[in-house]
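Visitor: Each chain is listed here by its residues.
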Amino acid sequence: MSRDRARYTKAHAWMEQQGEEWLVGITDYAAGTMGDIIYVEVPAVDAAVTAGEAYGNIESAKAVEDLIAPLSGTVVKVNEELEATPETMNADPYEAGWTMVVKAEGDVDLTETMSAEEYPAYLESLGEE
Amino acid sequence: MNWRLLWSGYADGYTNMAVDEALLWAAAEIGAPPTLRFYGWQPATVSLGYFQEAEGQVDRAEIDRRGWGLVRRPTGGRAILHNDEVTYSVAIAEDLLEHGPSVMGSYREISRGLELGLQRLGLEAALGETAADPEHRQAARDLPTVCFAQASRCDLVAAGRKVVGSAQVRKRGIILQHGSVPLHIRVEDHLAVMPGRGVSRRSEEQLSEAAQGIAQTLAQRISFEQLARALARGYEEAFQMSLEPGELTAAEQVRAAELRETKYATEAWNLVKPGRAR
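Line by line, the protein sequences give chains A and B. Per the working numbering, the first sequence runs over residues 42 to 170. Per the working numbering, the second sequence runs over residues 38 to 315.
It should be emphasised that the hints constitute simulated quantities derived from the structure, not laboratory data. Just so you know, not all the hints are guaranteed correct.
What the hints assert, rightly or not - If you want a taste of the chain B side facing chain A, the calculated C-beta under 10 Å gives, among others:
no.: 1; residue: W44
no.: 2; residue: S45
no.: 3; residue: G46
no.: 4; residue: S139
no.: 5; residue: S143
no.: 6; residue: Q205
no.: 7; residue: R207
For glycine and all other residues, C-beta sits at the position ideal for the given N, C-alpha and C.
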């Protein structure tokens, strides 16, 4: 994926448009705040996901946390590899650590999302970078 | 900001987990204040981590034979036998913590109250710094599933042993962290209900050495109340606040009853490992 072209959410998801579909994952900031990721729960193919709502779970050594969908639509593909190698989300969150591909429901509302330039400024506003 | 203090007494595992989740809900939905809760388990109960498989981890027939309970937690981590212990839970908004967004940072921050509380009892507890490398993690999966057998980064350790087993769940900006502070650990009970993949004599010996409760480590008689009160004082010191004894609100009681009935008391929740989002 291209980190420059991707859009980012305040819940630290990234999404990149690929034709009618969007590739989704979590940012390296999100992976870093979780610590060592040991389990990932992704949705089933054909599941409906809703922007701003949980689509799965992620577990680090100490916490379980929701994965928050950056857009609404239907899941067309999930990263099955994460079940066996969840640590990929720490090591390579923008490539091998992707979570799902979503076929968008109508036009995707990007107003609440950030560009690759805006996201680091948002992180800075959180007091961490 | 002062925190609410709940003394919940003893209940079964379904109720205990339902009340903890209700506290998370109340903080997210109705702005409940930060809450520190202490409780015990009656009957003794094995809790599974959110992502753990029941099959192969616990001996259900043995748990039933002893009249004990089994429940899946909303939080991560490994299986714990809750018996002679004090269990704490903290529900707090991320933005009320200095290190709210970071799992490890917030975990350390919340654990600081436990650390100071245990020090009040004369136990030189400190947060461990041992990083969990991939080999260590794999070993932890293969070993008998006893939470106290192995300390990971940020576990509270005293006299070389893990003394508190904690885990978090984070939803909608709220952190629920709960954990077990054993007074006594009987390794034979743990191994009877959580045999894992088979236990050698050597691992039983290792476990007896590695896993001991607070009273055993201090070689003193310590009651549930003594330990819980020391931990409560530790929290007041760590967060520079006063704890105000309170009760569950009516809304929290209703939510807890719903969660108990529809989630924590069901086999679907307790026995089926999540693989696809529920």
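Visitor: Given B/S143 as an interface hint, is the shortest Cβ-Cβ distance to chain A below 10 Å?
Guide: holds (8 Å)
Visitor: May I ask you to test the interface hint for B/Q205 with respect to chain A, counting a Cβ-Cβ separation under 10 Å as satisfied?
Guide: holds (4 Å)
Visitor: Does the interface hint hold: is B/W44 within less than 10 Å of chain A, judged Cβ to Cβ?
Guide: violated (26 Å)
Visitor: Is the hint on B/G46 kept, meaning its closest Cβ partner in chain A is under 10 Å away?
Guide: Violated - the Cβ of B/G46 stays beyond 10 Å from chain A, reaching only about 26 Å at its closest.
Visitor: Quick one, is the B/R207 hint okay against chain A at 10 Å, beta carbons?
Guide: Cβ of B/R207 sits 5 Å from chain A, so the hint holds.
Visitor: Checking hints one by one. Is B/S45 an interface residue toward chain A, by the C-beta closer than 10 Å rule?
Guide: violated (22 Å)
Visitor: Taking the closest Cβ pair, is B/S139 under 10 Å from chain A?
Guide: holds (5 Å)
The structure is inconsistent with the numbered hints 1, 2 and 3, although it conforms to all the rest.
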